[in-house]
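**Student:** From these two lone chains plus the hints, build me the complex, please.
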Amino acid sequence: MRATRQWYLGRAIRRRRGVVPVNVRLAKPTKNANLCFVTLRNERVRLPFFLSYYRDMGIDHFLIVDNGSDDGSREYLLQQEDVSLWQAKGSYKASRFGMDWLNWLLFRYGTGNWCLTVDPDEFLVYPHCDTRPLKALTQWMDTSRIRSFSAMLLDVYPEGRIGDQPYRPGMNPMEIACWFDPANYMIHKNGQYGNLWIQGGPRARSFFARDPKLAPALNKIPLVRWRRHYAYISSTHMALPRALNIVYDEEGGERISGVLLHAKFLSTFIEKSSEEMVRGEHYADSQEYRAYSAGMEDDMILWTEESRCYEDWRQLQELGLISQGNWA
Amino acid sequence: MSGVVRIGVAFLCHDELQVAADMVRTWHEGGAAVAIHVDRRTAEADYQAMRDKLADLGDIVWVDRQKCDWGMFSMVEATRAAARTLLDRFDDVSHVFVASGSCLPLRPIPELCDYLGRHPEVDFIESVSARDVGWTVGGLNIERFQFYFPFSWRKNRRLFDWTVALQRKLGLKRKMPEGIGPHLGSQWWCLTRATLTRIFDDPQREQLDRFFRWTWIPDESYFQSLCRKHSMRIESRSLTLSSFDDQGKPYNLYGDHADILAGSRCFVARKVWPGAKDLFARFPEDAGPGHRRDEPDPARIERVIGATVARRRLGRPGLYMQSRFPLKDRENGKTAEPYAVLQGFTDLFPTFENWLQSRVDADVHGHLFAPEGAEFAGRPAIGPGGLSPFPESRDYDAFGFLTSLIRISERPQVFQFSPRDSQELNWFMVTDPNARIRVITGAWVVPLMHSDMPFDDIRRIAARLQRIELVQLRVLRSVWVKANVEIWELSDFAARPGAILQRVVRDLNSASGMWPLYDEPPPQRDLEQIGRFLQRLRNAGLKPRLMGDFPATRSEQEWNV
Chain A
101 MRATRQWYLG
111 RAIRRRRGVV
121 PVNVRLAKPT
131 KNANLCFVTL
141 RNERVRLPFF
151 LSYYRDMGID
161 HFLIVDNGSD
171 DGSREYLLQQ
181 EDVSLWQAKG
191 SYKASRFGMD
201 WLNWLLFRYG
211 TGNWCLTVDP
221 DEFLVYPHCD
231 TRPLKALTQW
241 MDTSRIRSFS
251 AMLLDVYPEG
261 RIGDQPYRPG
271 MNPMEIACWF
281 DPANYMIHKN
291 GQYGNLWIQG
301 GPRARSFFAR
311 DPKLAPALNK
321 IPLVRWRRHY
331 AYISSTHMAL
341 PRALNIVYDE
351 EGGERISGVL
361 LHAKFLSTFI
371 EKSSEEMVRG
381 EHYADSQEYR
391 AYSAGMEDDM
401 ILWTEESRCY
411 EDWRQLQELG
421 LISQGNWA
Chain B
313 MSGVVRIGVA
323 FLCHDELQVA
333 ADMVRTWHEG
343 GAAVAIHVDR
353 RTAEADYQAM
363 RDKLADLGDI
373 VWVDRQKCDW
383 GMFSMVEATR
393 AAARTLLDRF
403 DDVSHVFVAS
413 GSCLPLRPIP
423 ELCDYLGRHP
433 EVDFIESVSA
443 RDVGWTVGGL
453 NIERFQFYFP
463 FSWRKNRRLF
473 DWTVALQRKL
483 GLKRKMPEGI
493 GPHLGSQWWC
503 LTRATLTRIF
513 DDPQREQLDR
523 FFRWTWIPDE
533 SYFQSLCRKH
543 SMRIESRSLT
553 LSSFDDQGKP
563 YNLYGDHADI
573 LAGSRCFVAR
583 KVWPGAKDLF
593 ARFPEDAGPG
603 HRRDEPDPAR
613 IERVIGATVA
623 RRRLGRPGLY
633 MQSRFPLKDR
643 ENGKTAEPYA
653 VLQGFTDLFP
663 TFENWLQSRV
673 DADVHGHLFA
683 PEGAEFAGRP
693 AIGPGGLSPF
703 PESRDYDAFG
713 FLTSLIRISE
723 RPQVFQFSPR
733 DSQELNWFMV
743 TDPNARIRVI
753 TGAWVVPLMH
763 SDMPFDDIRR
773 IAARLQRIEL
783 VQLRVLRSVW
793 VKANVEIWEL
803 SDFAARPGAI
813 LQRVVRDLNS
823 ASGMWPLYDE
833 PPPQRDLEQI
843 GRFLQRLRNA
853 GLKPRLMGDF
863 PATRSEQEWN
873 V
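In order, the protein sequences belong to chains A and B.
Each residue of the first sequence is one higher than the last, beginning at 101 in my numbering.
Each residue of the second sequence is one higher than the last, beginning at 313 in my numbering.
These aren't lab readings, by the way, just hints derived from the structure by calculation.
20 angstroms max Cα-Cα, derived SDA-like pairs, lysine to any residue:
1) B/Lys589 x A/Thr231
2) A/Lys289 x B/Phe740
3) A/Lys193 x A/Ser335
4) B/Lys561 x A/Ile246
5) B/Lys467 x B/Leu478
6) A/Lys289 x B/Leu639
7) B/Lys561 x A/Gln239
8) B/Lys589 x A/Met157
9) B/Lys583 x A/Ser244
10) B/Lys561 x A/Asp242
11) B/Lys583 x A/Pro233
12) A/Lys131 x B/His326
13) A/Lys289 x B/Lys640
14) A/Lys235 x B/Lys561
15) B/Lys561 x B/Asn453
16) A/Lys289 x B/Leu737
17) B/Lys583 x B/Gln559
18) A/Lys131 x B/Ala355
19) A/Lys131 x B/Asp327
20) A/Lys235 x A/Thr130
21) A/Lys235 x B/Glu328
22) B/Lys640 x A/Asp349
23) B/Lys467 x A/Thr243
24) A/Lys313 x B/Glu736
25) B/Lys583 x A/His228
26) B/Lys561 x A/Ser244
27) A/Lys313 x B/Pro701
28) B/Lys583 x A/Thr243
29) A/Lys235 x B/Asp568
30) B/Lys467 x A/Ser244
31) A/Lys131 x A/Gly212
Which bits of chain B does chain A cover? Going by a derived footprint, with three or more residues having C-beta under 8 angstroms, they are:
32) 558-566
33) 630-644
34) 687-696
35) 716-730
All residues carry an ideal CB built from backbone N, CA and C; glycine is no exception.
Same shape as in the complex, but just chain B (with noise of 0.2 angstroms):
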């Protein structure tokens, strides 16, 4: 092969013929030679119309028009008959590169034929074997070549599904032909003068022809599979930059992408919008000397594009919003952050919340689902985010109401609950692997203890909430709980509530890996009585099942009280 690089471009286009002729005599105006393939189904006026816009130019050529169907074998049809015009009449065209109207050189064409140039013999053609599977986007893999596909996905999706889903009942298998694995990759290759030659004077052409007649999409397999064949060498990759999406649609590129798109390196790359009128202005764009010999790399384009797709298909954990609503169980993330559910703590602590927020680095509210209404820190009269503390609204939607609040925040929150609250949203938290759920069973009989209510009404209000606590720690123990859980009896928690804060506080503040080690606890509502007072109830009727072992008595006074 002779030192010297010239490019022949196979150009297929279909529409927007304007902005496809301003491509090519971008491509000419670098040196390049064209043939031009549109497609039969285009209005013969704009045909015309792109013919004499680029009767000027001296090396293009345009090809017999024929019918595209996206996905067919006419696909391979064109792009063979471009390429081969190309070799036929240009004798000094050493490489052809296919290329579209949406197809936008980043880089001047010599600095694309110098590239060329230093890697010589070398076919710039993605082919990746179909047998391991990995390389499509939602679409088929080896059954691309086992199926036949008479009918057009895009134009027939009942008779395509129809046909496949029948083949594949049938268990058909065709046979490849001799001498070819199924390889898939990029349609947009740069192959050399002597690899398209070996290719199209294949003897076994006809036969080949045939056999990827009927299969599906050949344009990504047919030159994919036979350069395996033909090759001398080839690196695997395109030297066309193209992102497709979790649909297999091509990204389109814009405007505000010209600065990563400048950056990447890539000497093309595509879908480009049409009107995307900065981008044409703007490129091909000689970056300066020092650069005419950078190396493609489209990592950080790829980084863009992947982090839209994961957007796409897994969305952001917490999130629900007009366009994004998911299932029960279907959210990847109930809640946004981690957050903490305390019970009981302020039955046993009337200024717990204080105590607890001078100490974490977090937002502790007061009772978030109280009956009487949300209890923000510093209790607002509007709540983080513009949330209502009024409880009608909280409850129209309990969940949008948790949620908006630990995603609109900064801070991790920090809630107290009790059975006296809006039970609703228990197993939404139980099965959230962001909640940390800390509990002291029974401990709301303490300040019912030291109320001074009718004792007839506290036995009352006792017996619903331990019938509520009960349901609620139900769902604590069961198969299903996510959250981090802890759960302590009134008399656990009683023995040693120095050493539970503790470890409370210190969970709290993981994440900042700072805890004091000797603190003084908050006052304590006092326990004196209490066992008398579990005692008292019993006597009334009611058994208290979830505040452990106290002694009924423990002197002869107790007996007066």
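One chain only, chain A, in its complex shape (with noise of 0.2 angstroms):
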């Protein structure tokens, strides 16, 4: 195990020459401060509301490694003082889908901080999260000796077809896409890695009902409390040493979770996909997206009878999906 992670870090460290700082505003290594690492290509629409829901959750600083944007993310992200930006010349899918650069980046800059690694269509909700800021969850999971918290992935998608109701810039995502799978969640236990496996929801359902297996995995483990040993090994689905994995209880209790409203299926989705398909980028050949591209033609409509709208992250701990723990 150990040696595994070695080699992921070690892989990352040597391939930090990938990452080109462009703009790096961020001088001085931090202490105690919440960061947010993204890797983004062509997300110029989703960006202003992005950056504006993280900072009202109280993110200090964003780190962007930018794979060769041409819509002007690159552009707009240069105007904003609490980003620093990194450019990433290689391929996507060389650099293990932008972990390698990551890696780096949370190594260089993450230890001895609040690390959230997230993509530019995901939205983290904590518990009491209308009520506190994210630094009130991280000092408690401080004082409580918690090192990593778990936020699964959570579809959102509209009611109609996708492509109905256009995204803009600055809008949230929710208004357009609120609805999303309240009980369908198939869990395994990875041994290898100590972390659970999770499937389901739309994609699972719609795409995969037929080979389960294949659907992509939702758990994730977004929210790090960074060490120079650590590494993430597959997306921020599991990390290593294995402990990070364990952020849920065996013995009947309940532990803190959240999740990632993950606002893929907009728009913005549609060009997305044929585009992601094209380059052949994307994990496993890119079988998500051809999946989706054959469920596009006759116009997608992921809503059904037992879809519920998101309201708060009460409704989701009544469901189930999510748990305060003991965070009173």
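**Tutor:** Printed below as a string of structure tokens:
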């Protein structure tokens, strides 16, 4: 296990030159800050809301890797006071879907801070997030000796066809896509890395119902109090050392957890998925995107009678998707 | 003692000095004298900034700074130094109240003074005998006094554990000093001048210090034990509201707790999160003239905290999710709600599902575990909660499928079962007290009898189903059964179908207490030929073992069937 971890970490460090600093505003190493790490490509439309959502939550600084955007994302990010920007030249796929780049940045800047690693279409929801800033959560986890925070992906989608309502910069994606699947998540324990393997939701039931093993993983551990020897193994689905993955209780109790609202299914998705399929830069030969494309032919609608409309974190806790653990 | 109460606050802090300074100001504005002890390890610059910030206040004193380690005797020394300074410097201080930077006065300080004035000579200090277990959360009890604790639990956990284990092995028992019984309690106490003076002037003091220096967390036992010797009247509770979780760590208070805090009518609460600006802005709060003499009543906030502790320790029954994934038999409830599994009924009564649905307040599904896919009630394209009816999805995580279905549904779930269905959850359901299982053994033979398949195929299928049901019955009759199980042989059931159906429906309605007394049973498949059919199976070499007794021939004609 240690060898695996060192291999992943070593790989990230060896490839550090693939990540070229463009504008690093985070001059000296921080301590006890809440940092946000992102890798993106052509997300100009989503950026305004994304940045403001996490700023309001209390992210102190964003560390963003741009993988060759040509839609103005880069120029936009350069104007932001709290963003440090890097550029990655290489292939997304060859860098293990951006994880080598982020592991390097985490190694270099993350240590001693709470590091949130998300995509531009993922929005963190944690217990009490409507009344307490992220700092309250991370400080509580510090005193409780909790090092990692689980937030599974919760796919949200619109009521009608995906392209019906166009998404414009600055809009809250949840205004368009507020529906989610309440109780069709399939969980298996990964004996090797100790993490739970969660699949399900609208993608599994619409595209992978007859072959659920191939459905995309939803388990994520996006918020970690980073230390130099940590490494993400496969996206943020699992990390090493294994203790970081043990975010669940096995004695019947509940630990704290949240979700990442995954607003992938917006109007922007249609262009994106045809582009991504051509690039072939995604996981497992973009199998997922192939399936979407097939579904898209007849105007994909993910909504069903059983879908629920997102209200707040209490609703998610009631449904058993998240838990406040013992954070009263 | 004079009638006028003046509080002296022994104020201990080590970080977040800006917030602490605001707290000192609050106490001071309420008329209290404050003696401030700042941990020596706090940065000098921060300390000076705090001093500058409070330079305009009159009745505060700065106590010589010492190094304070959590759980070590230095905490007692700091508290004692601050209390002593208060008594020496302010002749009018009648009570000493211990507080920290995260203790927030919820009510105006004069109300607290008035309360103390109305209970003269009472020492508000939680003091629980360590011999009667129960005060500490997840820690040592009487052993705190019997062993030596040279190492800090926070910093040298391994050495700490090792020394405890060693002393336990050696059977070490330190002797308590004469006249002292071991008592424990919250370190946030409020003692009268008289009691404190007697504690400070105790002739045994050096011996006591030597003893307590090596106990564990003496700040939770030193004053608590000594006041038993010196106090006139102990009210064993703290005026500071403070709750602990199952790890013995105090709960933080946030802005969203403001209303329950105000409702608790407690004088002081901790531990306030330093970033909870709305709490600092709101409290102390004067609830109006009618409430000045309210008694503190922390029951409601303790209920909130108690519910959270239970959630952390026991969790919600039948919930399997990203942060609760119990091992087998550690579930604290395998499923969330009662449910029923009916086996054999649909084989006898083709319209059973609809017939039952109109008679019970429950969701009556078909065969949820059928090989062709889950037959949800009404056969929707997507089941409750978004569950996929495809067999591959269902069988990929069958536990999750059943437990999610039960948890997401508002009504109790009833589903049909048979040896044709996936048998994966047999042990799970049988060991689940929420399950009601009703089985008519051998009923699967009835549709076979009526089918027009070649007899060879029928015989093969019958052999397979019988084998499966025999295995299942072994599970249903094991000693591990927790479910409510009833089993009838087909012949028993056929002898009085009406009465048994009645009972099944009644059991499913037990919650509402209503069931139709005289009822039309659903149309039943014809059982006329069953005796002969079973004999044909026997003649083909397959012994039917689950159907009970049906006569092989009832007339000469039957020989020719």
